[in-house]
Amino acid sequence: MRTRTLFLVAVVGLVMAADAAISQTRPSATRPASALTGKIDWGAATTGVRTGQGAVALRFAQRLDRQALDAVALPVLLPGPALAAKAKLVSFPDYYAIVCDAGGAQVELTGTNSFVPVKPGTLAPLLEKGGQPTVIRTVDGQMLSFMRYGVLYTVEITCDRAFSDVRCTRPDYARQVAADAQKNVVMGKAAQKAAQDAATRDAIAAGRFKP
Amino acid sequence: MKAALILVVVILLALAGWWLWSSGQLSGLGAAPPPAPASDPAPAPGAATGPTLPTDDGGKEVPKTDPLPAVSAADTPPPADSGTPAPSSDAGPGFSFLAPMDLIPSSGPGYTDSVLWAPDICFPLEEVGYANSQIYRPGGMYYPQNQNQCDPSNYSFPWRDDFCEVRSGVNVFCPGGLGHQGQDIRPASCVLAKQSIATGKNQHWTVAADNGKVTSVASYSVEITGTTSPHRLYRYLHMESSTVKVHVGDTVAKGDRLGIVSNNMGFDSNGKPEYTSLHMHFEIRVPLAETAPGGQVLAAKAFVPPYTSLVGAYQRRVSGNGCPAQH
Chain A
651 MRTRTLFLVA VVGLVMAADA AISQTRPSAT RPASALTGKI DWGAATTGVR TGQGAVALRF
711 AQRLDRQALD AVALPVLLPG PALAAKAKLV SFPDYYAIVC DAGGAQVELT GTNSFVPVKP
771 GTLAPLLEKG GQPTVIRTVD GQMLSFMRYG VLYTVEITCD RAFSDVRCTR PDYARQVAAD
831 AQKNVVMGKA AQKAAQDAAT RDAIAAGRFK P
Chain B
897 MKAALILVVV ILLALAGWWL WSSGQLSGLG AAPPPAPASD PAPAPGAATG PTLPTDDGGK
957 EVPKTDPLPA VSAADTPPPA DSGTPAPSSD AGPGFSFLAP MDLIPSSGPG YTDSVLWAPD
1017 ICFPLEEVGY ANSQIYRPGG MYYPQNQNQC DPSNYSFPWR DDFCEVRSGV NVFCPGGLGH
1077 QGQDIRPASC VLAKQSIATG KNQHWTVAAD NGKVTSVASY SVEITGTTSP HRLYRYLHME
1137 SSTVKVHVGD TVAKGDRLGI VSNNMGFDSN GKPEYTSLHM HFEIRVPLAE TAPGGQVLAA
1197 KAFVPPYTSL VGAYQRRVSG NGCPAQH
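So the sequence lines, in the order shown, correspond to chains A and B.
First residue of the first sequence? That's 651 in our numbering, and the numbers climb one at a time after it.
First residue of the second sequence? That's 897 in our numbering, and the numbers climb one at a time after it.
Note that these hints are calculated values from the structure, not bench results.
Among these hints, one or two may not hold up.
Said to hold, decoys possible - Once the Cα atoms are required to be at most 25 Å apart in a straight line, the calculated SDA-like pairs of lysine to any residue come out as: (1) A:Lys738 with B:Lys1141; (2) A:Lys736 with A:Val699; (3) A:Lys769 with B:Ser1064; (4) B:Lys1168 with A:Val816; (5) B:Lys1141 with A:Gly753; (6) A:Lys839 with B:Thr1124; (7) A:Lys689 with B:Glu1186; (8) A:Lys839 with B:Thr1123; (9) B:Lys1168 with A:Thr819; (10) A:Lys738 with B:Thr1123; (11) A:Lys769 with B:Gln1192; (12) A:Lys769 with B:Thr1008; (13) A:Lys689 with B:Gly1191; (14) A:Lys736 with B:Thr1008; (15) A:Lys839 with A:Asp720; (16) A:Lys738 with B:Thr1124; (17) A:Lys769 with B:Glu1186; (18) A:Lys736 with B:Val1142.
Could you build the full structure based on these sequences and the hints that come with them?
Next comes the structure, spelled out in structure tokens:
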């Protein structure tokens, strides 16, 4: 009986030691993050283009790569004319980044409808409170995110003097950039085509149009 | 008699295995939470042990009140090539790491998240790197008994997670919503970038972790946006500005050099340079979305835990399956 108990203890110990040794070879029991594509409200975005100041901002944006703009299938928010004048655009079909030199600071405006889903409540510290986007501190500046037209837009300010430049220490500047950008929506060729396709689909669904 | 002897040996082996497992000397998930190892000291007696950074620190790696003077080439201990053999240019032997989410005790709220946020990245340093805390280890503001950031214990394995270490920046993965937004990684040796540029030795390059485009080059940060959805953002902080090789709009491939690791933290209000410890702060950001109970979709770009992805990248390098150098 005692021999059997000892043998059992030995087996359990060996199994546990083996498990520990194996676990050392893997970082964690993880699952990869996968992305979903959000639905864009093309009707609202088209109205925004028609009624907003995007065309004006675009005229100032002489350095903006028009091919990169045409490749984005998203409503693109531009910064106000002063920043737009120094803006560069980097894009993928479902993501863009506009980067502007703001003299001792950099303003970056990004948009995407590609997301990784998380459980409800996760994002509470980052989302709008009382109608204002939550501006968060980063290591070298500030950042805020907001949703418009079903697209996630993010404004990020980075400063050479990140701990004394008011553009990176107070929330006002980032909020102002976000407010200005929401007046300046434009669409490149890919976005216009996506908007037209969506309008056609909606018309078919409503029985107003037969292809 | 012979059988009894064999049984005794087996029991002794099993007990030894059990002791190693339970004491955490075999690191990795599945092991019991290990105590701080000798090379990863616990906070000093009397040091702050909770989230006590001033709320206006802006998430600085080393706050202004840090008693640690800015490190200069003059007070840097002899570099690795003047006595101690330099680590191998690749990962080198002996890599070990403590489990994800296992922060230095009392160094912050920690986190609980097992998602592998960037499964196929390359390790973002060209050479060996040491992931560990900048403020709860020698040279850090919460380790006053040893103010030498070049202490050998900082430049050794095992790695330790410091995502959600105490900071004042918003981080949705930290209980309480505040904490360190990335992982700090020390380079192969404790030699400042300016000195390494002057000597041409010990230049520790950061490299692209993913294929993508450069979407930001700021005063002391570079950002790469991954090509594939969900377009993860990889941010590298504290590089020596004069060494940054990329520009906004550049296309980069995994392993491409970006710049040299330094202690750069921009300038103060008088235009005087500010410094942190010699390290790279590495962040991964991902666009996240949730559906509110009313059906509304909410989204935000958020910092995600990089440690597990970094461990995977380093393990691939150690096993010879790392990313090619693309200088």
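Subject >> Hint numbers not upheld by this structure, sorted from lowest to highest >> reply: 14
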